[in-house]
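Given the coordinates of chain A, assemble chain B onto it according to the supplied hints.
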Amino acid sequence: AQSVTQLDSHVSVSEGTPVLLRCNYSSSYSPSLFWYVQHPNKGLQLLLKYTSAATLVKGINGFEAEFKKSETSFHLTKPSAHMSDAAEYFCVVSEDSGYALNFGKGTSLLVTP
Amino acid sequence: EAQVTQNPRYLITVTGKKLTVTCSQNMNHEYMSWYRQDPGLGLRQIYYSMNVEATDKGDVPEGYKVSRKEKRNFPLILESPSPNQTSLYFCASRGAPYNEQFFGPGTRLTVL
Chain A
2 AQSVTQLDSH VSVSEGTPVL LRCNYSSSYS PSLFWYVQHP NKGLQLLLKY
52 TSAATLVKGI NGFEAEFKKS ETSFHLTKPS AHMSDAAEYF CVVSEDSGYA
102 LNFGKGTSLL VTP
Chain B
-16 EAQVTQNPRY LITVTGKKLT VTCSQNMNHE YMSWYRQDPG LGLRQIYYSM
34 NVEATDKGDV PEGYKVSRKE KRNFPLILES PSPNQTSLYF CASRGAPYNE
84 QFFGPGTRLT VL
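Those protein sequences? They're chains A and B, same order as listed.
Position 100 (the first sequence) corresponds to 101 in this note's numbering; numbering is contiguous.
Position 106 (the second sequence) corresponds to 89 in this note's numbering; numbering is contiguous.
Just so you know, these hints were derived from the structure itself, not from any lab.
A quick note: this is a predicted structure, and the numbers were derived from the prediction, not measured.
Don't take every hint at face value.
[As the list claims (entries may be wrong)] Only some residues are given here: those of chain B computed to face chain A with a beta carbon under 8 Å:
1) Tyr14
2) Leu24
3) Gly25
4) Leu26
5) Gln28
6) Tyr31
7) Phe73
8) Tyr81
9) Glu83
10) Gly89
Ideal Cβ positions, reconstructed from N, Cα and C, are used throughout, including at glycine.
Isolated chain A, as found in the complex (with noise of 0.2 Å):
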């Protein structure tokens, strides 16, 4: 079965600096992955996703995340942090039959003035 690891259950950036979310995951075949947001008190919103087409894959707010077959790794980044992007950043495997998702245990983004 696929799974995935979030490496940093909190991580705490400064405004306008990049922001770096880790997550690895674990297939035996080519995935299909997803970053999901959270913001506070609201229900989880696409922000990106992979499904084999390019390696580097652009989503919503400026935020991206470059697959890694050889690293089995799909960071999320964004060149700078904005306010507005706190909140919980969950890393999604696709199961074998392309429905079912596996859930990171998520990441807390905090952002500080």
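Okay, now just chain B, sitting in the frame of chain A:
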């Protein structure tokens, strides 16, 4: 507007009192699922449904039931809720394999 709706959004109940959380989607999606979210554990799948009258257990199905009599609706039933089912619940739907999964706004359940 394409969306997944859940009701109620907030619910406080007592141990043993049966409850149902409704979920409905207007995107004609075949696949629907329920998750629970607990601090430090991410989202864990409770049940899923590949189509009408086709449901199956996810990772944490104990204490829950579901039904899928219509394509758009996928209610979650707690026959005898217990305090360890206090959680934030999300319903989701998906139209095709490997595509984006759309989530409802969540239902915060407290069982006393």
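Structure-based check of all given hints:
1. Tyr14: holds, 5 Å
2. Leu24: holds, 6 Å
3. Gly25: holds, 4 Å
4. Leu26: At about 4 Å, which falls below the 8 Å cut-off, the nearest Cβ of chain A leaves the hint on B/Leu26 intact, so it holds.
5. Gln28: For B/Gln28, the interface hint holds, since the closest Cβ of chain A sits about 6 Å away, which is under 8 Å.
6. Tyr31: At 6 Å from the nearest chain A Cβ, B/Tyr31 passes the 8 Å test, so the hint holds.
7. Phe73: holds, 7 Å
8. Tyr81: Holds: closest Cβ of chain A sits about 4 Å from B/Tyr81, inside 8 Å.
9. Glu83: Interface hint status for B/Glu83: holds (5 Å vs cutoff 8 Å).
10. Gly89: Constraint on B/Gly89 satisfied, holds at 5 Å.
Violated hints: none; the structure is consistent with every hint.
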